[in-house]
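Chemist: As a plain string of letters, each chain reads:
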Amino acid sequence: MIQTESLVRKYNGVVAVDQLTFRVEAGEVFGFLGPNGAGKTTTIMMLTGQLRPTSGKASIAEYDIVKQRAKIKPLIGVVFEYQNLYERMSARDNLTFFAQLHGVGKNRVEALLEQVGLQDRAKEKIKVFSNGMKQRLLIARALLNEPKVLFLDEPTRGLDPAAARAIRETIESLGETGTTVFLTTHYMEEADQLCRRVAFLSEGKIIAMDTPRNLKLKYGERKARVILDDGSEHLLSFDEAADAARMEQWMRDGKVLTVHSMEASLEDVFIQLTGRMLL
Amino acid sequence: MNLRVSLSVARKDFIDALRNARLLVVILMPIGFSLLYGYLFRESINETEVAFYTPDETELLAAIQAMDNVSLTSVTDPREVEAKVDNGSAAIGVILPAEFDAKLRRDEQPDLDLIFKDDPEIASGFQRALMQAIEGLSGRPPIVNVVSRTLHPAQGSGEGTSEPIFGFFEDIQLQGYFIVLWVMMAVTMNGCFIVPTLLVEEKDHKTLAAILVTPAGYFDVIMGKLLVGLIYSLLSSGLIMFLNDGFTGDPLISILIIVLISLAMTLIGLLIGGLIDNMSTLNTWSGFILLPLMLPGILAGVPMEGVSPLLTTPLQAMPTFQLVRGLALGLSGQGGQAWSSAVILLVESALLFAAVLWSLRRREA
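Protein chains in written order, with this note's numbering: chain A, 1407 to 1685; chain B, 5 to 369.
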C-alpha cells in the first residue's frame, strides 16, 4: 500500500530524511518510531503530499506521491501532530466543513461523532474541548472519507492515560477493519501494543525494521531476575546449565518469591541500537 | 478550480469572520462611522437656501420643493432674488421667465437665471439636480438656456478650466465626501485586512495543512478567500451607499467602481496573506500596509496644485485614488468622466490576479 525507495529530504542542505526504503502492506498497522527530530513527521509530510522529496520515489496504492498527488488525496486521512481544528467552530461544524471538502454527506459526520463519543458535545465550540476530545475529533476528521491509508502523527502525545487509551483502542479497531495505519510515535509501549511491524528511525535513517517480537528477541537478553525469600536477588541466564540447576534447586526448596523475565522492551532495543534515549 | 471546495471555504470563512470579535469590529467599523457621520452632518451640510422667482405658475416649483435638503423661499420680485443671494439669506437664486413650462413644452429653450454668490460647488450640485427635475417634467433631456451669474466670483476660478486631476471632493458635498471615505475604508479593511487575516490564520493555526491533504487545492482555498473578501467588501460598501443615500448621480458607474475596487483590494489582500505566515507578523505590519494603500485615496480628494508630478503620478496609479476619483464623479453625476477610472481599476485587477496566480505557481514549485 505504501512503498518508498531511497526517499531523501533535505532542508537547506541538511538531511532530514536519508535514503528511506520500506514497504507497508495493505491493512497493516505500521509503526515509525524515533526520537524528536528523527524525520518521522517529514516522512509523513512527504507521503501525504505536503512536502516534495528532494530525491527518491514513493507511492501510495501505486500512485506516485509527486506526480499523482490528486489521486492519492481521496485515499488518505491524516491526523497531524498538532491539534489543527477551527477553535471558534463547533465539533459538528468542523467535521461538516471537511465533509464538504471530501464531498461526503452529513450522515457520515453524525456517524463519526458517535463513533468517537462526541455526539453529545457536537454543538460546543472546540475551544472548550479537552486535548483528548480534540484528538478524538481529529481522528474522526481523518476518517471522514473512509481512507484506505490513515497517517497518525504522534496521536497520543500530551494526553492523559485515559484519553491515550481511548485513542489506542480506536486505532486498534481501525487495524481490525483493514485500514492501513502509518503510526509515528515515540511511545514504545504504544507501538508494541498496536503495530504489526515497526521501523526505528534515527537521524533520518531506518536502523531496524521488523515485528516488535522479533526485534525484542533479537536484541533482548535471555535472562531472568529471581528474588528469594531471604531477600537476595539473582540474575540467571536461560542459556547456562548451571543457572538452570540453581533455579531448579531453589524451586524445590520453596525459596523463590518472584521471577521477572528480562525480555527487552522496544525502548531497550532502540537504546541498544542508537546509544540514546527516545526523547 | 473545484467550485464546491471554494464555496465551502467561502461559507466557512464568512461565518468564521463574524465569530471573530476583532474581525467583526473591522467589518462593522466603516458602516458604523458612515451612520454616525451621516447623522451628524446630514442636517448641517445640505440645507441649501434657494430664493425663487416665477411670474406665473410652474411645476418646477413643486419639483424644487421635493428636492432633498433644499429650503425654498418664493419671492415676488426678481431683484429680491439677487438681494437675498447677495446678503447671504439664500445660497442660490433662481429666476424663471414668463410661461417657462409652456416654452419648455414647445422646445423654445427658455432662459433660466441661476445666481449664486461664491460657492460654485453648491451651485453646480444644485444645477445638476435642477436639470434632473426639469427632465422629470418634460420627459426628455432639458433644452434650457441656463444663465449662471456669480455675484462675487472667487479669484482664479472661471470657465474653461480643464478637468482637475486631484481635488475630486470639490465636486461633491460633505455628505458625498464621507460616503467616498467610508467606502474606501470598507474595501481596504475588508480586502487588505480581513482577507489576509483569514488566510494567515489558516497557516498559523495549521488548518491550511489539514485542508490541503483533502481533495482541495491551494488555488481552491485562495478562490474561496477571494469570494468571501468580495462579498464582505460589496456588502459593506453597498450598505454604506444605501444608508447614506449614496446611489445618486450616476449609480451604475458608482456600483461598477465599487465592484472593481473590491476585486483589486481583495487581490492585494491575498498577495499580502500569501507573503506572511503568522498572525503576529501580520498584526505588526497591517498598519504599515493599510496606511499607504489609503493615502492616495485621501490625497485624491484634495487639490494638489503645484505638487511635483513625480509625486502625483504614482499616486494616480493607486487603486484607492481611482476609487475616489471614480466614485466622486459618479456621485456628482459626472459618470461619463469616471470610465477611465473603471478601466484603470480593471487593468490593475487583472494584473493583481496574474500576480496571485504567479505566487501560487511559485508556491506549488
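Fair warning: there could be bad hints in the mix.
[Unchecked claim] Below 16 Å or equal to it, Euclidean Cα-Cα: the simulated EDC-like pairs (lysine to aspartate or glutamate) are:
1. B/K210 x A/E1487
2. A/K1622 x A/E1639
3. B/K210 x A/D1598
[Said to hold, decoys possible] Derived list of chain B stretches under chain A, where covered just means 3 residues or more per stretch with a C-beta under 8 Å from a C-beta of chain A:
4. 5 to 12
5. 20 to 30
6. 205 to 211
Calculated directly from the structure, the hints in this document are not laboratory data. Please read all numbers here as calculations on a predicted model, not as lab measurements. Cβ atoms here follow ideal geometry from the backbone N, Cα and C, with glycine treated the same way.
Chemist: Taking the hints in turn, state whether each one holds.
Modeler: Structure-based check of each hint:
1. B/K210 x A/E1487: Roughly 10 Å separates the two Cα atoms, so the pair holds.
2. A/K1622 x A/E1639: 24 Å, violated
3. B/K210 x A/D1598: 30 Å, violated
4. 5 to 12: holds (count 3)
5. 20 to 30: holds (count 3)
6. 205 to 211: holds (count 3)
Consistency note: the structure conflicts with the earlier hints numbered 2 and 3.
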